[in-house]
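Make a model of the complete structure from these sequences and hints.
2 protein chains.
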Amino acid sequence: MKIIVDAYGGDYAPLETIKGALQARDAYGVSIVLTGNEEEIRRIAAEESLSLADVEIVNATDVIGMNEQPKTILKEHKDCSMAVGLRLLHDGGGDAFVSAGSTGALLMGATFFVKRIKGVSRAALAAVLPSDKGPYMLLDSGANVDCRPEMLMQFASMGSLYMSEVMKNGEPATVGLLNVGTEEHKGGDLQHGTYELLKNSSLSFVGNVEARDVPAGAADVIVTDGFSGNVLLKTLEGTVDMLLGYMKNIFYTNLFTKIGALLVKPHLAALKKKLSTAETGGAPLLGVARPVIKAHGNSKALAIQNAVRVAAEFARTGVIDKITEAIASEKEKGDQVTDGATATEATAD
Amino acid sequence: MKIIVDAYGGDYAPLETIKGALQARDAYGVSIVLTGNEEEIRRIAAEESLSLADVEIVNATDVIGMNEQPKTILKEHKDCSMAVGLRLLHDGGGDAFVSAGSTGALLMGATFFVKRIKGVSRAALAAVLPSDKGPYMLLDSGANVDCRPEMLMQFASMGSLYMSEVMKNGEPATVGLLNVGTEEHKGGDLQHGTYELLKNSSLSFVGNVEARDVPAGAADVIVTDGFSGNVLLKTLEGTVDMLLGYMKNIFYTNLFTKIGALLVKPHLAALKKKLSTAETGGAPLLGVARPVIKAHGNSKALAIQNAVRVAAEFARTGVIDKITEAIASEKEKGDQVTDGATATEATAD
Numbered sequence: 001m002k003i004i005v006d007a008y009g010g011d012y013a014p015l016e017t018i019k020g021a022l023q024a025r026d027a028y029g030v031s032i033v034l035t036g037n038e039e040e041i042r043r044i045a046a047e048e049s050l051s052l053a054d055v056e057i058v059n060a061t062d063v064i065g066m067n068e069q070p071k072t073i074l075k076e077h078k079d080c081s082m083a084v085g086l087r088l089l090h091d092g093g094g095d096a097f098v099s100a101g102s103t104g105a106l107l108m109g110a111t112f113f114v115k116r117i118k119g120v121s122r123a124a125l126a127a128v129l130p131s132d133k134g135p136y137m138l139l140d141s142g143a144n145v146d147c148r149p150e151m152l153m154q155f156a157s158m159g160s161l162y163m164s165e166v167m168k169n170g171e172p173a174t175v176g177l178l179n180v181g182t183e184e185h186k187g188g189d190l191q192h193g194t195y196e197l198l199k200n201s202s203l204s205f206v207g208n209v210e211a212r213d214v215p216a217g218a219a220d221v222i223v224t225d226g227f228s229g230n231v232l233l234k235t236l237e238g239t240v241d242m243l244l245g246y247m248k249n250i251f252y253t254n255l256f257t258k259i260g261a262l263l264v265k266p267h268l269a270a271l272k273k274k275l276s277t278a279e280t281g282g283a284p285l286l287g288v289a290r291p292v293i294k295a296h297g298n299s300k301a302l303a304i305q306n307a308v309r310v311a312a313e314f315a316r317t318g319v320i321d322k323i324t325e326a327i328a329s330e331k332e333k334g335d336q337v338t339d340g341a342t343a344t345e346a347t348a349d
Numbered sequence: 001m002k003i004i005v006d007a008y009g010g011d012y013a014p015l016e017t018i019k020g021a022l023q024a025r026d027a028y029g030v031s032i033v034l035t036g037n038e039e040e041i042r043r044i045a046a047e048e049s050l051s052l053a054d055v056e057i058v059n060a061t062d063v064i065g066m067n068e069q070p071k072t073i074l075k076e077h078k079d080c081s082m083a084v085g086l087r088l089l090h091d092g093g094g095d096a097f098v099s100a101g102s103t104g105a106l107l108m109g110a111t112f113f114v115k116r117i118k119g120v121s122r123a124a125l126a127a128v129l130p131s132d133k134g135p136y137m138l139l140d141s142g143a144n145v146d147c148r149p150e151m152l153m154q155f156a157s158m159g160s161l162y163m164s165e166v167m168k169n170g171e172p173a174t175v176g177l178l179n180v181g182t183e184e185h186k187g188g189d190l191q192h193g194t195y196e197l198l199k200n201s202s203l204s205f206v207g208n209v210e211a212r213d214v215p216a217g218a219a220d221v222i223v224t225d226g227f228s229g230n231v232l233l234k235t236l237e238g239t240v241d242m243l244l245g246y247m248k249n250i251f252y253t254n255l256f257t258k259i260g261a262l263l264v265k266p267h268l269a270a271l272k273k274k275l276s277t278a279e280t281g282g283a284p285l286l287g288v289a290r291p292v293i294k295a296h297g298n299s300k301a302l303a304i305q306n307a308v309r310v311a312a313e314f315a316r317t318g319v320i321d322k323i324t325e326a327i328a329s330e331k332e333k334g335d336q337v338t339d340g341a342t343a344t345e346a347t348a349d
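These protein sequences, in sequence, are chains H and D.
Position 79 (the first sequence) corresponds to 79 in this note's numbering; numbering is contiguous.
Position 214 (the second sequence) corresponds to 214 in this note's numbering; numbering is contiguous.
It is worth saying that the hints were derived from the structure and are not from the lab.
Incorrect hints may have been included.
In silico DMTMM-like cross-links for lysine to aspartate or glutamate, where the CA-CA straight-line distance does not exceed 25 angstroms [to be verified]: (1) H:K273 <-> D:D241; (2) H:K186 <-> D:D146; (3) H:K199 <-> H:E171; (4) D:K168 <-> D:E330; (5) D:K248 <-> H:E210; (6) H:K258 <-> D:D132; (7) D:K248 <-> H:D189; (8) H:K115 <-> H:E76; (9) H:K75 <-> D:E183; (10) D:K186 <-> H:D241; (11) D:K272 <-> H:D132; (12) H:K2 <-> H:D54; (13) H:K248 <-> D:E210; (14) H:K199 <-> D:D189; (15) D:K19 <-> D:E47; (16) D:K118 <-> D:E325; (17) H:K274 <-> D:D241; (18) D:K78 <-> H:E183; (19) H:K78 <-> H:D91; (20) H:K199 <-> D:E38; (21) D:K186 <-> H:D132; (22) D:K75 <-> H:E183; (23) H:K186 <-> D:E76; (24) H:K71 <-> D:E183; (25) D:K186 <-> H:D54; (26) D:K186 <-> H:E68; (27) D:K333 <-> D:E150; (28) D:K71 <-> H:D189; (29) D:K71 <-> H:E184; (30) D:K300 <-> H:D213; (31) H:K274 <-> H:D213; (32) D:K186 <-> H:E76.
Model, not experiment: these values are computed from the prediction.
Encoded structure:
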């Protein structure tokens, strides 16, 4: 298994990215390809006494910034470390690609250089989040601001295959539709249309799910448009940060609270680990023809290591082949329905 | 000051609703009108030894349930405790109305029985939430799933007047637009259109705000459509509940953690109080011609008491008159622009 890592993507690149990739190599026995400034990578490795054994480096001196327009990856930045990695993935130079760089650029680059699975109308950013009932997937979590019911239906199909194959050993995954209430009539046109499609699908649809119940793990897959998905994801992150900050302040109040803190310390550390996005290891871009993982922009070495682990599992389970089959079979069914409709019309004539 | 309270709205009605209203009477010296089953209210008060001094009761034996279609308040449930209270408010039988009943029914009833302020295209549910920098307003937080830029612009005007007058002693309130990133080009048509309007308005617009920064108090007023606003509000609530639950479990782990819990207990209680929606006292329906406050469905006596306090402040500050003036003056400006455009066209002819 060979994983390509964008050494220059993310807030702590390249040092933490390189470290994380090497940790993954050591922990999971995967081969690593780093894309980025080769001279600099070799210098950093030497300075930090990091071994580059079993690591290829593909040189790319340009980097696409977090605030650049995504489309610049197609022209101005077509030779940046992210673009080079994506083309390498497409050409078979590795089994999966990991980047902690700009989400918009990664989506644009993946769609253009790696291509979408045939029949997929849009690729989705599928965040995998921790809950007491195990990890769950939230998609779209920021790639597609405006969505149609057919897109959400495809997101649900892809997400439930991914969760089933990669996270649940083939057990079926439940799907919930994010909505402002649990009753069927809640929401707007997008929710009504998607509810209809999900209800009549072969997926394990559990109905509408309120945002309040998502953090506790209301379903294995939560589908929604990229705007509200992004709002959910970031509200969750912001609230966790705020509360852990409050707890820290409480524990630092005085001698008594400091003693209190010592007594619960190991449990608090376990809680932080449980809630940490560094542990879940990044979000797959579902709908792209080869495995691409978006790691969090603030990834340090541990998060990159876990993203590489997830990328390897994504590639190993062959879930993309299963998604490709499922979409083709949906398409066929759709065509039959259309054919039927045409036939009826013809008869009516 | 006379506040009408829907005695039969909410999960803990009527006992907690009645108790909360009476507590508000005692704490703030307001008069109370209760709507609901008079016989039952008098019986409960007698059983619980609650004094009904300075309390009017307007009889209404019907109740509209949380899961009923909102429009049933206009016909099947037109004489329920909520409808009776809203008509009483309209007819001058009180200065403000508080209900913990169904949000949809309250919005429908308020729009139909109390009417909107002239020129307001839609009333918004404006949740007031706690943060370290003081309370902030999130609107729309669930009333209007589909919105246009002009609606969000009106929400911003109304929200900033409310926060300035009711919460900040006339100090100007800052306004942020909820978006998937801070850069101006982020989001879809709704965000682009609203950004333009806010940028060119006289409001203190701070630009796009990510959901991650909302819980810490990124602006006094956060505007967005009712779908994503509801998602933000409920994700915040769900995450706080989940984390406080985890903390409780940690403290109950063993003898040491129990001692730890004792040492931080008063600080934890203060934190819970700070984050409690019971303290913020409910969400005004902005755009309605008289003060209407939606209390949380799970309100117990303290939350109702605080909702009555907020309702009294809402009425006392006369912010609805200021909103009415602002909307009329915006309308006039709009008409002048239209007149100007027509004049130019005429000249061009």
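Each hint, compared with the structure:
no.	hint	result
1	H:K273 <-> D:D241	18 angstroms, holds
2	H:K186 <-> D:D146	12 angstroms, holds
3	H:K199 <-> H:E171	20 angstroms, holds
4	D:K168 <-> D:E330	23 angstroms, holds
5	D:K248 <-> H:E210	24 angstroms, holds
6	H:K258 <-> D:D132	22 angstroms, holds
7	D:K248 <-> H:D189	41 angstroms, violated
8	H:K115 <-> H:E76	20 angstroms, holds
9	H:K75 <-> D:E183	21 angstroms, holds
10	D:K186 <-> H:D241	24 angstroms, holds
11	D:K272 <-> H:D132	22 angstroms, holds
12	H:K2 <-> H:D54	10 angstroms, holds
13	H:K248 <-> D:E210	24 angstroms, holds
14	H:K199 <-> D:D189	30 angstroms, violated
15	D:K19 <-> D:E47	12 angstroms, holds
16	D:K118 <-> D:E325	10 angstroms, holds
17	H:K274 <-> D:D241	16 angstroms, holds
18	D:K78 <-> H:E183	22 angstroms, holds
19	H:K78 <-> H:D91	16 angstroms, holds
20	H:K199 <-> D:E38	45 angstroms, violated
21	D:K186 <-> H:D132	33 angstroms, violated
22	D:K75 <-> H:E183	21 angstroms, holds
23	H:K186 <-> D:E76	20 angstroms, holds
24	H:K71 <-> D:E183	15 angstroms, holds
25	D:K186 <-> H:D54	41 angstroms, violated
26	D:K186 <-> H:E68	12 angstroms, holds
27	D:K333 <-> D:E150	14 angstroms, holds
28	D:K71 <-> H:D189	18 angstroms, holds
29	D:K71 <-> H:E184	16 angstroms, holds
30	D:K300 <-> H:D213	21 angstroms, holds
31	H:K274 <-> H:D213	18 angstroms, holds
32	D:K186 <-> H:E76	20 angstroms, holds
In summary, the numbered hints that this structure violates are 7, 14, 20, 21, 25.
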